[in-house]
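Just so you know, the sequences run in chain order W and P. Numbering of the first sequence is given in my numbering, commencing with residue 98 and proceeding in unit increments. Numbering of the second sequence is given in my numbering, commencing with residue -12 and proceeding in unit increments.
Hints in this document: simulated from the structure, not taken from any laboratory. All values reported here derive from a predicted model rather than from experimental measurement.
Per the computed footprint, the stretches of chain P lying under chain W, defined by three or more beta-carbons under 8 angstroms from a beta-carbon of chain W, are:
| id | stretch |
| --- | --- |
| 1 | 72 to 83 |
| 2 | 123 to 130 |
| 3 | 166 to 175 |
| 4 | 184 to 195 |
| 5 | 202 to 216 |
| 6 | 220 to 228 |
Which residues of chain P face chain W? A partial, calculated answer using Cβ under 10 angstroms:
| id | residue |
| --- | --- |
| 7 | Ala(-1) |
| 8 | Thr4 |
| 9 | Gly5 |
| 10 | Ala8 |
| 11 | Ala12 |
| 12 | Arg86 |
| 13 | Val90 |
| 14 | Gly93 |
| 15 | Ile96 |
| 16 | Ser101 |
| 17 | Arg138 |
Between beta-carbon pairs, the in silico distance windows are:
| id | chain 1 | residue 1 | chain 2 | residue 2 | range |
| --- | --- | --- | --- | --- | --- |
| 18 | P | Ala16 | W | Pro267 | 36 to 42 angstroms |
| 19 | W | Thr297 | P | Gly43 | 41 to 47 angstroms |
| 20 | W | Arg240 | P | Ala156 | 24 to 30 angstroms |
| 21 | W | Arg258 | P | Ala3 | 23 to 29 angstroms |
| 22 | W | Gly254 | P | Ala16 | 39 to 45 angstroms |
| 23 | W | Leu155 | P | Leu73 | 35 to 41 angstroms |
| 24 | W | Ala174 | P | Ala47 | 36 to 42 angstroms |
Built from N, CA and C at the ideal position, the CB exists for glycine as well.
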Amino acid sequence: MTRALTRAAAAWWPFVLLLALWQLAISAGHVQQIVAPSPAGVAAELARNPALYAGEALATLAVAAAGLVLGLAVACALAVATWFSRFATGALTLPALLVQSTPLVALLPVLARVLGYDVRTVIAAAALITVFPSFVLIAAGLRALPSGVAALAAALGASRRARLLLLAVPAAVPNALVAVRIAAPASVLAALIAEYLIGTAGLGQLFAVAEGQLDTARAWTAALVATALSVAAYLLARRAERVIGDRFRT
Amino acid sequence: MSAPLRERRTAALAGATGIVAFVLAWEAAGRAHALGASWPPLSDVVAYAADRQHRGLLAAALAVTAREALIGYVAGALAGTLLAALALLVPPAAPGLERFAAVVNGVPIIAVGSICAVTFPPAVNPVLVAALGTFFLVFVAATAGFAAAPRAHRELFAALGASRATTFARLAIPAALPALVDGLRFAAPVAVVGAIIGEWFAGDRGLGPLLVNAMQNYQIALLWAAALLGALLSALAYGVLGVVRGAAARRFAP
Chain W
98 MTRALTRAAA
108 AWWPFVLLLA
118 LWQLAISAGH
128 VQQIVAPSPA
138 GVAAELARNP
148 ALYAGEALAT
158 LAVAAAGLVL
168 GLAVACALAV
178 ATWFSRFATG
188 ALTLPALLVQ
198 STPLVALLPV
208 LARVLGYDVR
218 TVIAAAALIT
228 VFPSFVLIAA
238 GLRALPSGVA
248 ALAAALGASR
258 RARLLLLAVP
268 AAVPNALVAV
278 RIAAPASVLA
288 ALIAEYLIGT
298 AGLGQLFAVA
308 EGQLDTARAW
318 TAALVATALS
328 VAAYLLARRA
338 ERVIGDRFRT
Chain P
-12 MSAPLRERRT
-2 AALAGATGIV
8 AFVLAWEAAG
18 RAHALGASWP
28 PLSDVVAYAA
38 DRQHRGLLAA
48 ALAVTAREAL
58 IGYVAGALAG
68 TLLAALALLV
78 PPAAPGLERF
88 AAVVNGVPII
98 AVGSICAVTF
108 PPAVNPVLVA
118 ALGTFFLVFV
128 AATAGFAAAP
138 RAHRELFAAL
148 GASRATTFAR
158 LAIPAALPAL
168 VDGLRFAAPV
178 AVVGAIIGEW
188 FAGDRGLGPL
198 LVNAMQNYQI
208 ALLWAAALLG
218 ALLSALAYGV
228 LGVVRGAAAR
238 RFAP
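Construct the complete structure from the given sequences, taking the supplied hints into account.
As structure tokens, this is what we get:
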């Protein structure tokens, strides 16, 4: 019993620390109630409308998941293209860097004009944020063979296709799992920002409406539920990395 | 000329051709107005940025953003590496440190931006956002890297009775280097975009406010010039770290 408690404390102290700092900041009076509610205020708000937050969280989660899958698929395709050709590496890296170095808040108006002010733009935003790190990681993973293996396969007459499917892809699995660990929480936050700016549903839109009405308790609860989703996505991806990754390591 | 060197030179040439192809495609699309008025030809953007009236403003903004991104990057990379090393050396602390990194990464900027703006001076926020983004990516890359040591090597170290410190210094660190350098590499653009986002929400100088101004006043050339400068800054850092990565990968390949 005490051991389980110790283990739980070792795992979950960051949340306790965060709550304590938050309460301290509120109590010390540095932050006005109109700027930020107390932890108790947020807990009460969540208890008042559990169905509302569950519904909006599900909406955000669905959009983020769609964006994550789309972004990972694009990243895989780009990484395979660079595996086949250095020309593709040169042609793709600069635009990828341009997209990555422009804030999502600046890209969104452009995206919305092309895709429309609806859920498609939100999915595209969640996908876009995941592409670059996943692309870099998977492209590096495809080349992460033990030295000599690629040369041996070539000497034995393996086709490029066979080398990709039988050597490079399995070698890239650990890196791809790291990519998911980075991309999964990022897609939730990107979906939140996109919903905040242009969305018609989800936690981001809930946040935007509450902020407009100066309902800070509701705005903060929406943001914290999004943070919880992002952390859950990270921990889930971490577990998958441990379980699957071990089978692909040498 | 040795074969690997020739291979690398051919690869560099193919890469450069790819960059040229992208630049030409952008120019052609802009000239043909294929994507509307908000997508100008690249030469227009370059001409705007090189114009005597604008280049001082853009250069000053770029310098501010580069400085913030660099400070945030170094601080975030150090913190990420140290915490990942701590998680490896003190296994009971690992789950908590993982959650700490995930929570730090999961706080939405749209919620805390206004609080940061009233709490910290405007010059600090961009550095903070750049550091947090870098921290998370480097932490993830380092934890993945530390786990990358081949099982046979780990068992050998254990069988020979190596201490935890020896195993860390002689096995975990060399095995982690390629993944860690990869993480440092893709964290560079994240530090740049973090600095710009920090400026956007809670700063007063740099490329971020330029982007906001350009968007609000529909100054397309300024918008693209500022975005392109941010991308070039990222590309520079990314390229330099790519050279480092190549050296690390050759030296520490499994």
